[in-house]
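The residues making up each chain are set out below.
Number of protein chains: 4
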Amino acid sequence: MSDVFIGQLKEAVYLANRKLVESGLVVLTWGNASAVNRERGIVAIKPSGVAYDKLQPEDIVLVSLETGEPLPGERLRPSSDTPTHVCLYQRFPTVGGIAHTHSRHATSWAQACREIPCYGTTHADSFYGPVPLCRPLTTAEIEEAYEWNTGVVIAEHFHSNNLDPLHLPGVLLSYHAPFAWGATVAKAVENAVIMEEVAGLALRTEALNPNATTTPQAILDKHFLRKHGEDAYYGQPKT
Amino acid sequence: MSDVFIGQLKEAVYLANRKLVESGLVVLTWGNASAVNRERGIVAIKPSGVAYDKLQPEDIVLVSLETGEPLPGERLRPSSDTPTHVCLYQRFPTVGGIAHTHSRHATSWAQACREIPCYGTTHADSFYGPVPLCRPLTTAEIEEAYEWNTGVVIAEHFHSNNLDPLHLPGVLLSYHAPFAWGATVAKAVENAVIMEEVAGLALRTEALNPNATTTPQAILDKHFLRKHGEDAYYGQPKT
Amino acid sequence: MSDVFIGQLKEAVYLANRKLVESGLVVLTWGNASAVNRERGIVAIKPSGVAYDKLQPEDIVLVSLETGEPLPGERLRPSSDTPTHVCLYQRFPTVGGIAHTHSRHATSWAQACREIPCYGTTHADSFYGPVPLCRPLTTAEIEEAYEWNTGVVIAEHFHSNNLDPLHLPGVLLSYHAPFAWGATVAKAVENAVIMEEVAGLALRTEALNPNATTTPQAILDKHFLRKHGEDAYYGQPKT
Amino acid sequence: MSDVFIGQLKEAVYLANRKLVESGLVVLTWGNASAVNRERGIVAIKPSGVAYDKLQPEDIVLVSLETGEPLPGERLRPSSDTPTHVCLYQRFPTVGGIAHTHSRHATSWAQACREIPCYGTTHADSFYGPVPLCRPLTTAEIEEAYEWNTGVVIAEHFHSNNLDPLHLPGVLLSYHAPFAWGATVAKAVENAVIMEEVAGLALRTEALNPNATTTPQAILDKHFLRKHGEDAYYGQPKT
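Protein chains in written order, with numbering that gives the first Met the number 0: chain A, 0 to 238; chain B, 0 to 238; chain C, 0 to 238; chain D, 0 to 238.
It should be emphasised that the hints constitute simulated quantities derived from the structure, not laboratory data.
Mixed in with the good hints, there may be bad ones.
Which copy? The list can't say, so a pair holds if one copy fits it or any two copies do.
To be verified - No more than 25 angstroms apart at the CA atoms, straight line, and that leaves these computed lysine to any residue pairs for SDA-like:
id, residue 1, residue 2
1, K221, P129
2, K221, T137
3, K18, W29
4, K221, G40
5, K186, E21
6, K53, A211
7, K221, P131
8, K221, E142
9, K186, Q55
10, K53, H158
11, K186, L27
12, K53, E21
13, K18, L167
14, K226, E10
15, K9, T137
16, K53, A185
17, K221, P71
18, K53, S22
19, K221, S47
20, K221, A154
21, K186, F4
22, K226, A144
Note that the structure is a prediction, hence the values are computed from the model and not measured.
The following block holds chain A by itself, in its conformation from the complex (with noise of 0.2 angstroms):
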């Protein structure tokens, strides 16, 4: 399958792996980045433990969105976490793109165990509230399928507390690091930038006041809803 479709598609998914890199969220080989179609039933995800700095946009490996594996004719083994991206993508119909770091603030929280709290409208322009944090898998659910379930729990986590994954678009494992998505691979790097400003700045923002309390509600709706959603006016107009 080497059409001029896929092509674009290795092409956004290598350049969101670059992207990753150059924002400073990856260290070694500690991230990975992928876009689905899903007309084709394809996801398209970075290669296991290739050195960013040799990643071509033709390593990027398809697998299915059925069954996660990789497709007839691909010659490298898909990211270790790839069970976690399929599961995600059969579970969230509206994302588009996923990106995977170990990026440093985000991760702190991560394994902190908390969730972040929405200490400002930088958090409010693109989280509508906490960023969620999942709890830890448990011995039987490692041991039966690590990657897979991580997913699972994610959009457990997401259905059970009636949460859109394009309101909240991303999400901390316990112990592990964040997760962030969004309509497509491009948007996902984005909103994986943001979580870790955002968990920068909360973690200042309680060192500087251990009472601090979270954006009122007003301000929270003002600055995602003039972002997002009908009424948005951030940006120039949609052509």
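Got chain A sorted already, so can you dock chains B, C and D onto it with the hints?
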């Protein structure tokens, strides 16, 4: 309106916006700088939501100092924060340029809802007292005209506390982020850089000494006044 | 001794030393990396006090694995830490390369005289438990042979606690700084990078949650063992 | 005065000032470096308020070691801190160069009005004890001759505490920032870098362990003396 003067104004605002990024104060599109020409009644400001690496001098948007509306013929929307800038230019007649960022340390103080105490000469060289914190807007103010009322709240804080905007060339907005200004847009950007630096110094000062005391008045006077006013002797003589 | 093999050994050690600087782990001349060739009984190490930007592959110094003395004909002094490296190569037969730095976060833990708890998977991917802390040397040990005894104290800590140096590829020295190692010198540098990252993550984790708990054993096992040992499935298959 | 010697002196001071910026110690124009030639009684120093990216070797200003006044023919004003530098050269006869910055961590300790405890070997390698803190100037001292009296206060602190300026090559000024020095201006800049590094390490050490203890005397002696004095064995032999 495309004469030489307008070209220079746009160029100055363009360079100021670039400088915000190069100084590390702005991530993604989180910032904007503007300049005013009071003779012509024009404010020049960054367009809304345009990526910095694609920004060109001709993209800078001209709006009326009186109404805040784009001048006839402008093809891009101005920054969504334009009403704040216009309000401040109307109420602070000595201000020639304004810069808004979500820079990391200053935004953390804003989110902590604390003014920045003057802990040393780095601060005193440019801010003649603590960096002020404004109250959050009420729900009514937010719903009526969020961005314009942000400017109103800043101006009222300065007027009711009898503060000179060129002696305290910046402010923190509760749950939001800093605004800085100056006699020119280049000076506004410089003051945004200074706020970020002193915000970081003050955070670490308190970490090292929870009982840190503010700069004695004699040192504050010496440092501010050797750089500002009639008896200034820092820098090269004005020619 | 200037055959092809020696050239490759010096080149690998040269590149590892450059990588320490490029990774931001080394300021001024505060660091050194070495490699051993056990067949020939040679250790190759950075010269003492030479500025990194002037370092050339041919400046790398060869010393005897048995005596620690420079081989005949060497024109530069080896790193003052050479006896520590030689001692570790003698006592840790699976180690092929060693890197010493004063990297910012890892050194802070060393100065705080604390081991680094395993707070998450970033840590567990490479260190199978807390990063150990060695006791300070006694005055007698310092006066007798400071650098050699530093190696002795490290080795004794690992042996008496029954620790495998490739499962815990680094250590903190009380009041001093980290040493890292690995099967190759490139791996030693990578482990030095990882120690610095997990040191920063752990510091921030405790700032966010003073009662943070360490990674559950099942997650620790999963992450370490998916990258190491017989059942590893991270990365591309070895060919 | 434009002979070869003067050109070399200006070049050395120019390079030292550039190095301050490249090392990340200086933001905007917040720093200056100088060198003295005692035979000719000349101090060469950065001009006041000149942007670093426009600074040229010929802009470096020559002033008298005896009076602090610019030599005849100098066209730029010297740094406003010139009297501090001149005072220190007069009172510390072994010092050949001085660097002043507002570097982030060292300035935070100065603002916290605390000396920097010696928590490890990174510190002990260059500072033989805590980095001293000077008392703030009195109002009378500030009004009489602020910059000159800053030098007086530093010198008196060293003399009354019997401290050797080359064993403790830097100081913190309360509510202000660090000064560093050395036998040459290059060494002064290096000591400014070291102060900033150890200031950051010490801040994080206390965050990790509020009861952190200072380096045992035997380790302090070992590290300082293997780099300084008759029995030094770090680096390459002087030829």
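Exercise. Checking against the hints above, which ones are violated?
Worked result: 4, 6, 10, 14, 15, 17
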